[in-house]
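Number of protein chains: 2
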Amino acid sequence: MRSTDNRRIVLASRPKGAPTPENFRFETVATPALGEGEVLVRNQFLSLDPYMRGRMSDAKSYAQPIAIDAVMGAGTVGRVVASKDKNFAEGDAVLAFGGWQDYAVVEAKDLAKLPAGLDHPSYALSILGMPGFTAWHGLLKIGEPKPNETVVVAAASGPVGSIVGQIAKLKGARVIGIAGGPDKCRTVVEDFGFDACLDRKAADFAEQLKKAVPDGIDVYFENVGGQVFDAVLPLLNVHARVPVCGLIASYNATSLPDGPDRLPLLAGTLLRQRIRMQGFIISDHYGDEFADFQRDMSSWVAAGKVKIIEDVVEGLKNAPDAFIGLLEGQNFGKLVVKIAD
Amino acid sequence: MRSTDNRRIVLASRPKGAPTPENFRFETVATPALGEGEVLVRNQFLSLDPYMRGRMSDAKSYAQPIAIDAVMGAGTVGRVVASKDKNFAEGDAVLAFGGWQDYAVVEAKDLAKLPAGLDHPSYALSILGMPGFTAWHGLLKIGEPKPNETVVVAAASGPVGSIVGQIAKLKGARVIGIAGGPDKCRTVVEDFGFDACLDRKAADFAEQLKKAVPDGIDVYFENVGGQVFDAVLPLLNVHARVPVCGLIASYNATSLPDGPDRLPLLAGTLLRQRIRMQGFIISDHYGDEFADFQRDMSSWVAAGKVKIIEDVVEGLKNAPDAFIGLLEGQNFGKLVVKIAD
Numbered sequence: 001m002r003s004t005d006n007r008r009i010v011l012a013s014r015p016k017g018a019p020t021p022e023n024f025r026f027e028t029v030a031t032p033a034l035g036e037g038e039v040l041v042r043n044q045f046l047s048l049d050p051y052m053r054g055r056m057s058d059a060k061s062y063a064q065p066i067a068i069d070a071v072m073g074a075g076t077v078g079r080v081v082a083s084k085d086k087n088f089a090e091g092d093a094v095l096a097f098g099g100w101q102d103y104a105v106v107e108a109k110d111l112a113k114l115p116a117g118l119d120h121p122s123y124a125l126s127i128l129g130m131p132g133f134t135a136w137h138g139l140l141k142i143g144e145p146k147p148n149e150t151v152v153v154a155a156a157s158g159p160v161g162s163i164v165g166q167i168a169k170l171k172g173a174r175v176i177g178i179a180g181g182p183d184k185c186r187t188v189v190e191d192f193g194f195d196a197c198l199d200r201k202a203a204d205f206a207e208q209l210k211k212a213v214p215d216g217i218d219v220y221f222e223n224v225g226g227q228v229f230d231a232v233l234p235l236l237n238v239h240a241r242v243p244v245c246g247l248i249a250s251y252n253a254t255s256l257p258d259g260p261d262r263l264p265l266l267a268g269t270l271l272r273q274r275i276r277m278q279g280f281i282i283s284d285h286y287g288d289e290f291a292d293f294q295r296d297m298s299s300w301v302a303a304g305k306v307k308i309i310e311d312v313v314e315g316l317k318n319a320p321d322a323f324i325g326l327l328e329g330q331n332f333g334k335l336v337v338k339i340a341d
Numbered sequence: 342m343r344s345t346d347n348r349r350i351v352l353a354s355r356p357k358g359a360p361t362p363e364n365f366r367f368e369t370v371a372t373p374a375l376g377e378g379e380v381l382v383r384n385q386f387l388s389l390d391p392y393m394r395g396r397m398s399d400a401k402s403y404a405q406p407i408a409i410d411a412v413m414g415a416g417t418v419g420r421v422v423a424s425k426d427k428n429f430a431e432g433d434a435v436l437a438f439g440g441w442q443d444y445a446v447v448e449a450k451d452l453a454k455l456p457a458g459l460d461h462p463s464y465a466l467s468i469l470g471m472p473g474f475t476a477w478h479g480l481l482k483i484g485e486p487k488p489n490e491t492v493v494v495a496a497a498s499g500p501v502g503s504i505v506g507q508i509a510k511l512k513g514a515r516v517i518g519i520a521g522g523p524d525k526c527r528t529v530v531e532d533f534g535f536d537a538c539l540d541r542k543a544a545d546f547a548e549q550l551k552k553a554v555p556d557g558i559d560v561y562f563e564n565v566g567g568q569v570f571d572a573v574l575p576l577l578n579v580h581a582r583v584p585v586c587g588l589i590a591s592y593n594a595t596s597l598p599d600g601p602d603r604l605p606l607l608a609g610t611l612l613r614q615r616i617r618m619q620g621f622i623i624s625d626h627y628g629d630e631f632a633d634f635q636r637d638m639s640s641w642v643a644a645g646k647v648k649i650i651e652d653v654v655e656g657l658k659n660a661p662d663a664f665i666g667l668l669e670g671q672n673f674g675k676l677v678v679k680i681a682d
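Each protein sequence line maps, in turn, to chains A and B.
The first sequence begins at 1 in the working numbering and counts up by one.
The second sequence begins at 342 in the working numbering and counts up by one.
For the record, the hints were derived by calculation from the structure and aren't laboratory data.
You can trust all of the hints, since none of them are fake.
Below, in silico cross-link-like pairs of lysine to any residue (SDA-like), each with a Cα-Cα straight-line distance of 25 Å or less:
id : chain 1 : residue 1 : chain 2 : residue 2
1  : B       : LYS482    : A       : LEU266
2  : A       : LYS201    : B       : ASP602
3  : B       : LYS487    : A       : GLU289
4  : A       : LYS146    : B       : GLY628
5  : B       : LYS648    : B       : GLN635
6  : B       : LYS482    : A       : ASN237
7  : B       : LYS357    : B       : GLY666
8  : A       : LYS113    : A       : VAL71
9  : B       : LYS357    : A       : GLN273
10 : B       : LYS551    : A       : LEU256
11 : B       : LYS510    : B       : PRO575
12 : A       : LYS84     : A       : GLU107
13 : B       : LYS357    : A       : ASP261
14 : A       : LYS317    : A       : GLU27
A few chain A residues facing chain B, derived, Cβ under 10 Å:
id : residue
15 : SER250
16 : PRO260
17 : ASP261
18 : LEU270
19 : ARG276
20 : MET277
Cβ atoms here follow ideal geometry from the backbone N, Cα and C, with glycine treated the same way.
Pulled out of the complex, with its shape left as it was, chain A reads as follows:
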């Protein structure tokens, strides 16, 4: 590989339902020349997250779809290798939206400098970055858990869910996780300190959930939808709060489920139980709240009060399979791809 070669993964076609390897194309192109105010970044880690599934589609969503033949987008941690901007110099550690590729040309205004010599630079993609901020905002600004309330967290072993539960414990709540399979449930309780965790794949999952929340559910952090939400809905207490962060169960769906139409059931439950259900997208909140998040979370991480487990996949070419597995729940912890040392 020549030093000007850039290996990258582009969107070859839009998935119908679950993405397949054919939706991605691995290619090598020349690294573009730098313009004024631009910086060339060598990507070291890239973050794989469920929201990327939405950007592969051209349905209406909160973000522009990725164009066919364009590089797959992703948050990245990397090192500056060349700079035509006075604020960045070769060797700087940076956070960028650098995509699924070796090198990214990024406008300086879209780069954030990271402290030099970090023990875990990839944490900027997880506990100290977007997933951590998502958990912090959704739980504290919408969920608003109070001491002794019951908080239920979907996708509890994932990066967002695991942090949601740990913050809820810090706030004095009783915290029940929901995860896919006994191994994930074990780590939710043993590593992340939830009070209990239920396997959503169990045949009697809905019954188990009902027993696990004898006082009902005050906050449900929604990351999943589908049958998990169906089990949660009848257990929501008066004045419950439901931050809607993700709906991974439906991301690959190509049509609505069969009837009856339960839209009136959901609306009626919101009314009868005086529930607040509120969707959010974390990119709306960086300007107002990211500094508060960083202050809270870095002190919690330093004190060992909140932690993350990373699932590190080695090698750019393995990103598509890792992403496909993520949508199926096969990852174990925050999924990052290590591209370079």
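Given chain A's structure and the hints, the job is docking chain B onto it.
Frame of chain A; chain B shown alone:
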């Protein structure tokens, strides 16, 4: 009728679907004797409101169901005719939950004194009472309209909806009403000052609504559900707020509509558009907010900025038919039954 006779309407049977006259029974019983701390009230006006449909059922709801053979509940304005409590004397004007009957025995703690000599004592059941407070709380505390935003109000000719729209105008919003039929729409625009009003019964209602909100919908005050909500949902803007006050379209429903199941569609829209959808029941908020509401609303009414149209039905025995008509949208303004002068 002897002076101790009490004419009343009780719940004879629970409705299946829409209530019928057979669900009610008119009867005359003796007025009970007063105990210590109790007050005998002669009801003059009783309020008919959609929420009463829920109390006729024994399905889980936010209020206890009315027992079979018990008197139908209702907010009432009346006059004290006898008192065994030191705070109330014969002749006092009072607000009570006195029910569908001539006389109510009420504990003094459940009575509120009204000023003597009110021009419109029945306003305590509408613009200065529960429906007005419902509109004020739902719009200002959940809807939070900003100047130049677009507010859409369902059941816009009704007591809650008409007040919601008038307050939204005071706050500088553009206000579109939805009502049943051209006569109601005319009064929504001409009497209540909405910018426009659409007939939900029109064949091309959804198209009309889309054209009426070129900038989308920022606040939707939900009173109806059903096809009105279906037309609103795709028009909700990013960061829209949906106070859910009522769902009259489904109150008489005995089963869910046919599929597909649009619950995931609603949840997905809340997420993608970052919408807050929040149910509320006004009885939760009297302690905290009623004084603020009274201060705002009495000044607006005095200044002629907010008004109400009353639909006064004469005679207790006509209450069941009036209530059945209310659920079909046949009333025109705030429905009250005048029982006595």
